[in-house]
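S.K.: Sequence order for the protein chains is A and B.
With the numbering used here applied, the first sequence covers 1 to 111.
With the numbering used here applied, the second sequence covers 1001 to 1116.
No lab work stands behind these hints: they were computed from the structure.
Please note: incorrect hints may appear among the correct ones.
Unchecked claim - Coverage of chain B stretches by chain A, computed from C-beta distances (three or more under 8 angstroms per stretch; other residues unrestricted):
1. 1040-1048
2. 1101-1114
Stated by the list, open to error - Keeping only pairs whose Cα atoms sit at most 20 angstroms apart, straight-line, the calculated DMTMM-like set for lysine to aspartate or glutamate is:
3. Lys36/A / Glu1104/B
4. Lys51/A / Glu1104/B
5. Lys57/A / Glu1104/B
6. Lys106/A / Glu1044/B
Glycine included, C-beta positions come from ideal geometry on N, C-alpha and C.
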Amino acid sequence: GQQVMQIPQYQHVQEGEDFTTYCNSSTTLSNIQWYKQRPGGHPVFLIQLVKSGEVKKQKRLTFQFGEAKKNSSLHITATQTTDVGTYFCAILSGGYQKVTFGTGTKLQVIP
Amino acid sequence: EPEVTQTPSHQVTQMGQEVILRCVPISNHLYFYWYRQILGQKVEFLVSFYNNEISEKSEIFDDQFSVERPDGSNFTLKIRSTKLEDSAMYFCASSFGRTGRYNEQFFGPGTRLTVL
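Chain B with its partners taken away, still in its complex shape (with noise of 0.2 angstroms):
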């Protein structure tokens, strides 16, 4: 069965460091994802991407962060400059469509970005 890839599984880096975070998402799919879960907490949404440009994000993705999908198959996140707030656990995750059956988001296993 086809599923999201994430790469690393596991990330540490030092405070104001930039970090990339991958993803593969599910090879149809049109709609790319990337969420996170503070240790202990709930899912939270960032942002969403769709034919090349991001459709929706929230307050927490701010310039620091960045999306992109280089090439046909992988869809990054980009953090600027680290803080410690950012250590999280990140999900990425791809649809094939927005609505009806569609809709249902695949998530990766997750990379852990740890920040010292």
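Next up, chain A with everything else stripped away, as it sits in the complex (with noise of 0.2 angstroms):
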């Protein structure tokens, strides 16, 4: 089945300063999905991106899918405190019903 692999697997950053994870995949994807999951919590969608070169934003966060749709990237600007968690991307396939989640981004924000 389709994979991705994510990088990089952790991030510390100051908190103010931007912080971007890339999500990459061998094959054209149909969607890319991402998620948050807060230490000790459980993924929680954020978006959804299906068009080649789409961007979304929500606030401070950025969401790229790229031309090719064989990578993705999620950008937050001026990270906070309240940024930190693991940052997931993922695939819905299987008839759209199966989630295939990558292998994370854990980001800390060092107040």
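Got two chains here, each in a separate frame; can you build the complex from them with the hints?
M.R.: Structure representation (structure tokens):
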């Protein structure tokens, strides 16, 4: 099945710095989703991208889907301590019923 | 706001015992899922369920696992004979649909299963 890899695995930033996580696939994707999981919490859906080159923004978060639909990124501007958690990209497949999660990027924000 | 609930929050069991993890999906949702997450690792899909039958399952979901929707509100995951490697956080999720803006999956808080 399709797999996605994420980099970096971990990222420590000073509060106020920007943060970016990247998601890569060797095959063309029909969609990409992003989730956030707070420490000790459950995955929370953030967004879904389906179009080549698509860019979506949610406040300080910017999501991009690559032109070739093989990669995606999540960029957070001016991180805050509330941004701490693990960010997963994911693929919806199997008749749109199976979410395959990436390896995740764990973000730590230093106040 | 409607949410998925799961019970218990933590289950400790002896190897070889049967466990049943319970979930109450969001009431008007039609698609139900189980995922697991071994500590420090990524979330892994186990099974999806629609119209009272399994619609998709992963290679992890072998004969030791079963799912059931015994009534109109509960969705359960049974592990018949637990193994040490079944120790993980188990998340239930539900969605209203499977395409477009209806395919967002809402996850419950999870049940931490510890097999001794």
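S.K.: Look at each hint and say if it fits the structure.
M.R.: Do the hints match the structure? See the list:
no., hint, in the structure
1, 1040-1048, "holds (count 5)"
2, 1101-1114, "holds (count 8)"
3, Lys36/A / Glu1104/B, "13 angstroms, holds"
4, Lys51/A / Glu1104/B, "17 angstroms, holds"
5, Lys57/A / Glu1104/B, "17 angstroms, holds"
6, Lys106/A / Glu1044/B, "17 angstroms, holds"
Hint compliance for this structure: no hint is broken.
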